[in-house]
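> Here is how the chains run, residue by residue.
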Amino acid sequence: MDNQTLINLLIDILINVASFIFVYTSYKKYQNCNDHTKPTQISFMIFWSFIFIYFFIDAVRQMFIIAGTNIQLPFHFMLSIPLTLVSLPIVFTIIYIISGNKYTGIGVSSIFLIFSFFYFYYMIPIDQLNNISENTILLSNNVASVIFISGLFIVPTSMIFGLLGLILLKRIPTFRKYRICLSLLSISIVFDFLFLTSISQSIEMLIGSKIFVLLGVILGYFANYPPKLIESKCLVNIPAID
Amino acid sequence: MDKKKVDIEFEQDVAEFYQSLGISCGPGDIHYRLIILVMEKNGPNRITRFSEIREYTDQVADRGSIGSKIKNIFQLQRLAKKVEHGGYVITGEGLLAAEFIKYSSENYKNIMKTRKMLERIP
Chain A
1 MDNQTLINLL IDILINVASF IFVYTSYKKY QNCNDHTKPT QISFMIFWSF
51 IFIYFFIDAV RQMFIIAGTN IQLPFHFMLS IPLTLVSLPI VFTIIYIISG
101 NKYTGIGVSS IFLIFSFFYF YYMIPIDQLN NISENTILLS NNVASVIFIS
151 GLFIVPTSMI FGLLGLILLK RIPTFRKYRI CLSLLSISIV FDFLFLTSIS
201 QSIEMLIGSK IFVLLGVILG YFANYPPKLI ESKCLVNIPA ID
Chain B
1001 MDKKKVDIEF EQDVAEFYQS LGISCGPGDI HYRLIILVME KNGPNRITRF
1051 SEIREYTDQV ADRGSIGSKI KNIFQLQRLA KKVEHGGYVI TGEGLLAAEF
1101 IKYSSENYKN IMKTRKMLER IP
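Respectively, the protein sequence lines represent chains A and B.
Just so we're aligned: 165 in my numbering is position 165 of the first sequence, and the numbers increase by one with no gaps anywhere.
The number in my numbering is simply the position in the second sequence, starting from 1, with 1000 added.
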């Protein structure tokens, strides 16, 4: 049994558990949301669901590798689905937060859905899917690679950083700013290293990028449940005397 | 005919916002806002009639308070000069004051935009 595959599997399980907890807590929060925050909460749930699905499929793939069965092609396709669709909730969230109109968010996300379809259209020719290594999903077609990188990766990443910059420049309470910025940063780290996971050429790079995905998930946890130290620094309560 | 109209409801919202911050004069005074914006709309080369100011201020104030406000604040501080009976012209200082009032409106819009954006983030 390969140690590296075991480490891969362990990290996948950890990310699965953490992202499942996120989906569950997001669902709990959704029930107490008002109409303005509901669309954002739903898209957060969908984003973490896609992360859960991706690493769940990857964990199953690692188990097949440990069992000695080499079935790469179906997993290649299955992993591509959450990988390409994970940018949709990110785009919707950012457009909805800035514009205030959920239909505008849906419209812009639909453009990215079209990019996803084109990615699959150029990726599907099976005779080009050779040299798929055990541990990576290679972008086997140049056109598919360009569509994926430019349409489904660079634009959403830029949008996250744009919104992050906007929030940092605004005058809002420190604690609120900490929570929002850390949430955006965690989503960005998870998204970026998810992409890196999919194109890793070596097992070490794959494990390294998965560790960063796990780090991103942990940052997301600290954004939603800040440690006491941060709370005491940000929420300084100097009592008033009347 | 000048096509730019002063939006009374918007100016009232802005004035109420600044009043909620404890700023009850200048940007927080709806009468001040309307008077200076109406005069600025006509510019320093046109006479602003008292009746024209009243078209806007009658919706938020009575005639007496506006007349005394123009005399005690605008004329005294040389933001406007009386050129004939019921006719005023904005001065350079008045244009600066109008620019500040417009800046306060933009500031209000930015603050409201930020608030609405934060409302959408859980």
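What the hints contain is simulated information worked out from the structure, not anything from laboratory work.
Do not rely on the hints blindly, as some may be mistaken.
[As the list claims (entries may be wrong)] Footprint (simulated), chain B over chain A, 3 or more residues, beta carbon under 8 Å:
(1) 40–51
(2) 80–90
(3) 96–103
[Said to hold, decoys possible] Straight-line distance between alpha carbons at most 25 Å, and here's what the computed DSS-like set of lysine-lysine pairs gives:
(4) B:K1109 to A:K102
(5) B:K1071 to A:K177
(6) A:K28 to A:K102
(7) A:K170 to B:K1069
(8) A:K170 to B:K1005
(9) B:K1102 to A:K102
(10) B:K1069 to B:K1113
(11) B:K1041 to B:K1116
(12) B:K1116 to A:K102
(13) A:K38 to B:K1102
(14) B:K1113 to A:K38
(15) A:K177 to B:K1005
(16) B:K1116 to A:K170
(17) A:K177 to B:K1041
(18) A:K228 to A:K102
(19) B:K1109 to A:K170
(20) B:K1116 to A:K28
(21) B:K1116 to A:K29
[Said to hold, decoys possible] The following residues of chain A were derived to be distant from chain B, with all beta-carbon distances above 10 Å:
(22) D2
(23) C33
(24) H36
(25) T37
(26) V60
(27) Y122
(28) N142
(29) V155
(30) T157
(31) I180
(32) I189
(33) I230
(34) S232
(35) P239
Just so it is clear, CB atoms sit at the ideal spot from N, CA and C, and this is done for glycine as well.
> All the hints need checking, so say for each whether the structure fits it.
Against the structure, the hints:
Only residues whose beta carbon comes within less than 8 Å of a beta carbon in chain B count, and the region 40–51 of chain A has 3; three or more means the coverage holds. A stretch counts as covered by a chain when three or more of its residues have a beta carbon under 8 Å from one of that chain; for the region 80–90 of chain A and chain B the count is 0, and the coverage is violated. Remark: the region 96–103 of chain A is confirmed as covered by chain B, as 4 of its residues place a Cβ nearer than 8 Å to a Cβ of that chain, reaching the required three. A distance of roughly 21 Å separates the Cα atoms of B:K1109 and A:K102; the hinted pair therefore holds under the 25 Å criterion.
Among the hinted pairs, B:K1071 with A:K177 is inconsistent with the structure: their alpha-carbon atoms are about 47 Å apart, more than 25 Å. Distance restraint check for A:K28 and A:K102: the Cα-Cα separation of roughly 21 Å lies within the 25 Å cut-off, and the hinted pair is therefore satisfied. As the CA atoms of A:K170 and B:K1069 are separated by approximately 36 Å, the hinted pair breaks the 25 Å bound. Distance restraint check for A:K170 and B:K1005: the Cα-Cα separation of roughly 31 Å exceeds the 25 Å cut-off, and the hinted pair is therefore not satisfied.
Of the pairs offered as hints, the one joining B:K1102 and A:K102 is violated, with about 31 Å between alpha carbons and a cut-off of 25 Å exceeded. The straight-line distance between the Cα atoms of B:K1069 and B:K1113 is roughly 33 Å, outside the 25 Å bound, and the hint therefore fails. Proximity of B:K1041 to B:K1116 is assessed by CA-CA distance (about 30 Å); at most 25 Å being required, the pair is judged violated. About 14 Å separates the Cα atoms of B:K1116 and A:K102, which keeps this hinted pair within 25 Å; it holds.
A C-alpha spacing of about 35 Å is found between A:K38 and B:K1102, which places the hinted pair above 25 Å, so the restraint is violated. With a C-alpha separation of about 19 Å, the suggested pairing of B:K1113 with A:K38 holds against the 25 Å cut-off. For the proposed pair A:K177 and B:K1005, the alpha carbon gap of about 38 Å is over 25 Å, so the pair is violated. Note on B:K1116 and A:K170: the hinted pairing holds, with a Cα-Cα distance of about 13 Å set against a maximum of 25 Å.
For the hint pairing A:K177 with B:K1041, the CA-to-CA distance comes to about 40 Å; that exceeds 25 Å, so the pair is violated. The straight-line distance between the Cα atoms of A:K228 and A:K102 is roughly 35 Å, outside the 25 Å bound, and the hint therefore fails. A C-alpha spacing of about 13 Å is found between B:K1109 and A:K170, which places the hinted pair at or below 25 Å, so the restraint holds. A hinted pair counts as satisfied when its Cα atoms are at most 25 Å apart, and B:K1116 with A:K28 qualifies at roughly 23 Å.
Proximity of B:K1116 to A:K29 is assessed by CA-CA distance (about 20 Å); at most 25 Å being required, the pair is judged to hold. Taking the minimum C-beta to C-beta distance to chain B, about 42 Å, the non-interface status of A:D2 holds against the 10 Å cut. Against chain B, the non-interface label of A:C33 is violated: not every CB pair exceeds 10 Å, the least being about 6 Å. Non-interface call for A:H36 relative to chain B: violated, since the shortest CB-CB distance, roughly 5 Å, does not exceed 10 Å.
Interface exclusion of A:T37 from chain B breaks down, the closest Cβ pair being 4 Å apart, not more than 10 Å. Distance check for A:V60 against chain B: the nearest CB is about 32 Å away, which clears 10 Å, and the non-interface claim stands. With a minimum CB-CB distance of about 35 Å to chain B, A:Y122 clears the 10 Å threshold, and the non-interface call stands. The non-interface label for A:N142 is consistent with chain B: the shortest C-beta to C-beta separation is roughly 39 Å, beyond 10 Å.
Here A:V155 stays apart from chain B, with its beta-carbon at least about 20 Å from theirs, past the 10 Å limit. Every C-beta of chain B lies more than 10 Å from that of A:T157, the closest at about 19 Å, which supports listing it as non-interface. Not every CB of chain B is more than 10 Å from the CB of A:I180 (nearest about 6 Å), against its label as outside the interface. Once the 10 Å rule is applied to beta carbons, A:I189 is consistent with being away from chain B; the minimum gap is 19 Å.
No Cβ of chain B comes within 10 Å of the Cβ of A:I230; the nearest lies about 18 Å off, and the non-interface call holds. No Cβ of chain B comes within 10 Å of the Cβ of A:S232; the nearest lies about 23 Å off, and the non-interface call holds. Taking the minimum C-beta to C-beta distance to chain B, about 22 Å, the non-interface status of A:P239 holds against the 10 Å cut.
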